[in-house]
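4 protein chains.
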Amino acid sequence: MELGTVQQAAVSCFAQRGFAATGIRELGTAVGLNSATLYHYVGGKEELLVGIIKNCLNSMIDGASQTAAAGADPTRKLALLVAFHVGFTATNPKTSRVAEHEMRALSTENAAQMQALRDSYEQLFARVLQDGTAQGAFSTGDLGIARLAMMEMGTGVSHWFRRDGRLSLPEVQLNFVALAMRMLAVSNESPLSRTELPIPLVIASEPEPKD
Amino acid sequence: MELGTVQQAAVSCFAQRGFAATGIRELGTAVGLNSATLYHYVGGKEELLVGIIKNCLNSMIDGASQTAAAGADPTRKLALLVAFHVGFTATNPKTSRVAEHEMRALSTENAAQMQALRDSYEQLFARVLQDGTAQGAFSTGDLGIARLAMMEMGTGVSHWFRRDGRLSLPEVQLNFVALAMRMLAVSNESPLSRTELPIPLVIASEPEPKD
Amino acid sequence: MELGTVQQAAVSCFAQRGFAATGIRELGTAVGLNSATLYHYVGGKEELLVGIIKNCLNSMIDGASQTAAAGADPTRKLALLVAFHVGFTATNPKTSRVAEHEMRALSTENAAQMQALRDSYEQLFARVLQDGTAQGAFSTGDLGIARLAMMEMGTGVSHWFRRDGRLSLPEVQLNFVALAMRMLAVSNESPLSRTELPIPLVIASEPEPKD
Amino acid sequence: MELGTVQQAAVSCFAQRGFAATGIRELGTAVGLNSATLYHYVGGKEELLVGIIKNCLNSMIDGASQTAAAGADPTRKLALLVAFHVGFTATNPKTSRVAEHEMRALSTENAAQMQALRDSYEQLFARVLQDGTAQGAFSTGDLGIARLAMMEMGTGVSHWFRRDGRLSLPEVQLNFVALAMRMLAVSNESPLSRTELPIPLVIASEPEPKD
DNA sequence: TATGAATGAGATTTCATTCAT
DNA sequence: AATGAATGAAATCTCATTCAT
Numbered sequence: 001m002e003l004g005t006v007q008q009a010a011v012s013c014f015a016q017r018g019f020a021a022t023g024i025r026e027l028g029t030a031v032g033l034n035s036a037t038l039y040h041y042v043g044g045k046e047e048l049l050v051g052i053i054k055n056c057l058n059s060m061i062d063g064a065s066q067t068a069a070a071g072a073d074p075t076r077k078l079a080l081l082v083a084f085h086v087g088f089t090a091t092n093p094k095t096s097r098v099a100e101h102e103m104r105a106l107s108t109e110n111a112a113q114m115q116a117l118r119d120s121y122e123q124l125f126a127r128v129l130q131d132g133t134a135q136g137a138f139s140t141g142d143l144g145i146a147r148l149a150m151m152e153m154g155t156g157v158s159h160w161f162r163r164d165g166r167l168s169l170p171e172v173q174l175n176f177v178a179l180a181m182r183m184l185a186v187s188n189e190s191p192l193s194r195t196e197l198p199i200p201l202v203i204a205s206e207p208e209p210k211d
Numbered sequence: 001m002e003l004g005t006v007q008q009a010a011v012s013c014f015a016q017r018g019f020a021a022t023g024i025r026e027l028g029t030a031v032g033l034n035s036a037t038l039y040h041y042v043g044g045k046e047e048l049l050v051g052i053i054k055n056c057l058n059s060m061i062d063g064a065s066q067t068a069a070a071g072a073d074p075t076r077k078l079a080l081l082v083a084f085h086v087g088f089t090a091t092n093p094k095t096s097r098v099a100e101h102e103m104r105a106l107s108t109e110n111a112a113q114m115q116a117l118r119d120s121y122e123q124l125f126a127r128v129l130q131d132g133t134a135q136g137a138f139s140t141g142d143l144g145i146a147r148l149a150m151m152e153m154g155t156g157v158s159h160w161f162r163r164d165g166r167l168s169l170p171e172v173q174l175n176f177v178a179l180a181m182r183m184l185a186v187s188n189e190s191p192l193s194r195t196e197l198p199i200p201l202v203i204a205s206e207p208e209p210k211d
Numbered sequence: 001m002e003l004g005t006v007q008q009a010a011v012s013c014f015a016q017r018g019f020a021a022t023g024i025r026e027l028g029t030a031v032g033l034n035s036a037t038l039y040h041y042v043g044g045k046e047e048l049l050v051g052i053i054k055n056c057l058n059s060m061i062d063g064a065s066q067t068a069a070a071g072a073d074p075t076r077k078l079a080l081l082v083a084f085h086v087g088f089t090a091t092n093p094k095t096s097r098v099a100e101h102e103m104r105a106l107s108t109e110n111a112a113q114m115q116a117l118r119d120s121y122e123q124l125f126a127r128v129l130q131d132g133t134a135q136g137a138f139s140t141g142d143l144g145i146a147r148l149a150m151m152e153m154g155t156g157v158s159h160w161f162r163r164d165g166r167l168s169l170p171e172v173q174l175n176f177v178a179l180a181m182r183m184l185a186v187s188n189e190s191p192l193s194r195t196e197l198p199i200p201l202v203i204a205s206e207p208e209p210k211d
Numbered sequence: 001m002e003l004g005t006v007q008q009a010a011v012s013c014f015a016q017r018g019f020a021a022t023g024i025r026e027l028g029t030a031v032g033l034n035s036a037t038l039y040h041y042v043g044g045k046e047e048l049l050v051g052i053i054k055n056c057l058n059s060m061i062d063g064a065s066q067t068a069a070a071g072a073d074p075t076r077k078l079a080l081l082v083a084f085h086v087g088f089t090a091t092n093p094k095t096s097r098v099a100e101h102e103m104r105a106l107s108t109e110n111a112a113q114m115q116a117l118r119d120s121y122e123q124l125f126a127r128v129l130q131d132g133t134a135q136g137a138f139s140t141g142d143l144g145i146a147r148l149a150m151m152e153m154g155t156g157v158s159h160w161f162r163r164d165g166r167l168s169l170p171e172v173q174l175n176f177v178a179l180a181m182r183m184l185a186v187s188n189e190s191p192l193s194r195t196e197l198p199i200p201l202v203i204a205s206e207p208e209p210k211d
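Protein chains in written order, with UniProt numbering: chain A, 1 to 211; chain B, 1 to 211; chain C, 1 to 211; chain D, 1 to 211.
Think of the hints as simulated: they come from the structure by calculation, not from any bench.
Just to be clear, a hint being listed does not mean it is correct.
From the structure, some residues in chain C lie toward chain D, with a derived Cβ separation under 10 Å [unchecked claim]:
#1 16
#2 20
#3 102
#4 104
#5 107
#6 140
#7 142
#8 149
#9 151
#10 152
#11 153
#12 160
#13 170
#14 171
#15 179
#16 184
Below, simulated DSS-like cross-link-like pairs (lysine-lysine); rule was C-alpha separation at most 30 Å, straight line [to be verified]:
#17 45(A) to 45(C)
#18 45(D) to 210(D)
#19 210(C) to 45(C)
#20 45(C) to 45(D)
#21 45(B) to 210(B)
#22 54(B) to 210(B)
#23 210(A) to 54(A)
#24 45(A) to 45(B)
Per label pair, the in silico range of CB-to-CB distance [unchecked claim]:
#25 3(D) to 111(A): 44 to 54 Å
#26 69(C) to 47(A): 50 to 60 Å
#27 127(A) to 34(D): 48 to 58 Å
#28 26(B) to 100(A): 22 to 32 Å
#29 166(C) to 36(B): 49 to 59 Å
#30 142(C) to 130(D): 25 to 35 Å
#31 119(A) to 66(B): 36 to 46 Å
#32 126(B) to 199(A): 29 to 39 Å
#33 108(C) to 35(B): 31 to 41 Å
#34 211(D) to 111(C): 15 to 25 Å
#35 112(C) to 23(D): 17 to 27 Å
#36 211(D) to 112(C): 21 to 31 Å
#37 190(C) to 211(D): 43 to 53 Å
Using N, Cα and C, we set each Cβ at its ideal position, and we do this for glycine too.
Start from the sequences and build out the full structure, keeping to the hints where you can.
Following this line, the structure appears as structure tokens:
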């Protein structure tokens, strides 16, 4: 029995019913383990959640950092970030959702640590937007609103994207890049070709889509 | 003791801690009532939540319908809808959030009823988008994505808007209208003047911002 | 259902099996209450124990203070204290035992509070012994040892005294007074007549002897 | 890894927190062993306790028998027994305490066996007291009470004696002998010289004082 | 000799809810 | 309108113990 398996079951339940509404026995049943045995693998319900969120946010930070580094100018950097964000969210929808709105279930201490990670991630976007604005590449009414709107839009992908849906992931990514470019009044709507899109990875805690 | 007061306390707790993590005794304490007394006002924990969500969605549907009716063409209709959505969400942030993601806590039956209401609301947007596209007023990669992105963006407002923040509500509304127009390749970014913006109402279940 | 009844059941169990080995369900059964209902009366297992110990020690302090005040000189004061201590212990044997050696089960905070009370009680004896020694009324090898031995002796009564045993309580009290007098080299072995003995009270938490 | 080491750790925990409140994993940690490994050395939690108590009581019986045998008359025999009892208790305070009041944690069967051993030990004192009384060497109000008081007094030593305290062990022993002599109205308060005092041994299960 | 994995039973405590008053 | 008392069910977590390795 691997930790990832337990995390997958947990994410599956947490995403559907919520952390507080999910019992630890339920999780045990889901992975075929006695509830007491779960405590062998994870120290407790909160530790389990912390582990999931921490892994998720670290993957996001690492992935976004590396992706953005490949962009030569702010416009391309931002396009890559948007594509990454959408890609990650679409590829790890349940983990993303759990990482986003079960932070309130954490104790003060853990919540602070996780919030710091999330802030790091959002800073990656904020910095590129600032750089681009400073260089005159972007133009928008309010920079803060644009950033928030863009991130929220991408995050929302987790609610509706289906791997076998009408649009493929690259199509969705390109669509969002185009929306972002318009929001920032960039003339070239397609700074990225399809082959340049970052290819997202499935992280350990993401359950099979059917779960 | 009025029902609205109880709902406000409930929304305050549900928005912060979540429905499942909020105890009925906690709510009693919050409004200065014995937990048993709450059962005089609300039939139970789920009924309380249902009442809140139903009121909220009905207000949204009514408000959006009336607002959109005032628009002469699809472009103005959509602008009004976006402004309304942002306005409602910013004015009733906690109730909106609860209505959005505590639906999973409902029993199958209640969940279906509420989902039907939400679908009605989203249909208002979908119809205008379709009309406008048919008339050649809008142009975008994918209509479904554009709609989802627009709604998600607006919903996200509940997470960060503050009445005493850097931007006033009308400013935020106009900003979002502009973003939407760009997303749909409408040439006129400002189809609405500030005086034409719908003025949102605070609904009964929305607690004071400080709560 | 009264608090005293719950305390009696608790003391009965704690004295026999120990605090840690006694389940809260067991207590519920003993008083004919659902385990959840117990939390209506006592806030928790530890609060229950704290309540018992606090009552017991306060009764001891009050009783001993008042009793000693009736003695004119150190010799009579000490005789009265010994008689009181033996009387209290014999009358409330189970509560005494619980109050004595389940203090280790308390949290640091509660333990400190209770220890302070116990110290107050022991000070009553220490002060009289010092006064008597200063006045030349007592003579013994080591004052500290004499005090500890005397108290331990009296406490031990809880292990063997039976109300219907070979010796009546006044007889036991007089016996212990005599032992104490000898230990302190007081010439008069019987400074108290039988009618002067303090008559101990049964405190609320002490269960019926048969329990 | 030796059995004695495990017993020492166990006694240390049992004396401090009590048998029921001490986990077997806790013991494992204390001796640097996996909890499963403990089952190689001791058959289980109760067997561990039984082993400790049995060793302790056997040491007491053997030591007291041999010590008493060296006394020529009841007075000296009793003085030696008191000195031994105090010495043993002061030298093995934690094991003594555990052996005394964790017997209640044993199953009926084991409890009966251990009680039989304890009875043997107490009989050693009872017999000497009877002999001495028959010979007119002792005089006291009630023989049973005197015996119980004497033993309790000695047992209490485990609560306060410190090897580096104000009084050395021989001093304490002589003090208690004197108290006992007075309690029995023996004219010679010091039937034993300091060199005649029994020198107690540290038994295998007694942990280092600092533990 | 030593251990990680596993578990059934049971620990304390909280929950939403009902009901007599 | 309001509440204290009561409860069955379920929550999280710990326990002593076993067993394959």
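Hint check:
{"no.": "1", "hint": "16", "in the structure": "holds, 7 Å"}
{"no.": "2", "hint": "20", "in the structure": "holds, 4 Å"}
{"no.": "3", "hint": "102", "in the structure": "holds, 8 Å"}
{"no.": "4", "hint": "104", "in the structure": "holds, 6 Å"}
{"no.": "5", "hint": "107", "in the structure": "violated, 13 Å"}
{"no.": "6", "hint": "140", "in the structure": "holds, 8 Å"}
{"no.": "7", "hint": "142", "in the structure": "holds, 6 Å"}
{"no.": "8", "hint": "149", "in the structure": "holds, 5 Å"}
{"no.": "9", "hint": "151", "in the structure": "holds, 8 Å"}
{"no.": "10", "hint": "152", "in the structure": "holds, 3 Å"}
{"no.": "11", "hint": "153", "in the structure": "holds, 5 Å"}
{"no.": "12", "hint": "160", "in the structure": "holds, 6 Å"}
{"no.": "13", "hint": "170", "in the structure": "violated, 12 Å"}
{"no.": "14", "hint": "171", "in the structure": "holds, 8 Å"}
{"no.": "15", "hint": "179", "in the structure": "holds, 5 Å"}
{"no.": "16", "hint": "184", "in the structure": "holds, 9 Å"}
{"no.": "17", "hint": "45(A) to 45(C)", "in the structure": "holds, 24 Å"}
{"no.": "18", "hint": "45(D) to 210(D)", "in the structure": "holds, 24 Å"}
{"no.": "19", "hint": "210(C) to 45(C)", "in the structure": "holds, 24 Å"}
{"no.": "20", "hint": "45(C) to 45(D)", "in the structure": "holds, 24 Å"}
{"no.": "21", "hint": "45(B) to 210(B)", "in the structure": "holds, 24 Å"}
{"no.": "22", "hint": "54(B) to 210(B)", "in the structure": "holds, 24 Å"}
{"no.": "23", "hint": "210(A) to 54(A)", "in the structure": "holds, 24 Å"}
{"no.": "24", "hint": "45(A) to 45(B)", "in the structure": "holds, 24 Å"}
{"no.": "25", "hint": "3(D) to 111(A): 44 to 54 Å", "in the structure": "holds, 48 Å"}
{"no.": "26", "hint": "69(C) to 47(A): 50 to 60 Å", "in the structure": "holds, 58 Å"}
{"no.": "27", "hint": "127(A) to 34(D): 48 to 58 Å", "in the structure": "holds, 50 Å"}
{"no.": "28", "hint": "26(B) to 100(A): 22 to 32 Å", "in the structure": "holds, 24 Å"}
{"no.": "29", "hint": "166(C) to 36(B): 49 to 59 Å", "in the structure": "holds, 56 Å"}
{"no.": "30", "hint": "142(C) to 130(D): 25 to 35 Å", "in the structure": "holds, 30 Å"}
{"no.": "31", "hint": "119(A) to 66(B): 36 to 46 Å", "in the structure": "holds, 40 Å"}
{"no.": "32", "hint": "126(B) to 199(A): 29 to 39 Å", "in the structure": "holds, 32 Å"}
{"no.": "33", "hint": "108(C) to 35(B): 31 to 41 Å", "in the structure": "holds, 33 Å"}
{"no.": "34", "hint": "211(D) to 111(C): 15 to 25 Å", "in the structure": "holds, 20 Å"}
{"no.": "35", "hint": "112(C) to 23(D): 17 to 27 Å", "in the structure": "holds, 25 Å"}
{"no.": "36", "hint": "211(D) to 112(C): 21 to 31 Å", "in the structure": "holds, 22 Å"}
{"no.": "37", "hint": "190(C) to 211(D): 43 to 53 Å", "in the structure": "holds, 46 Å"}
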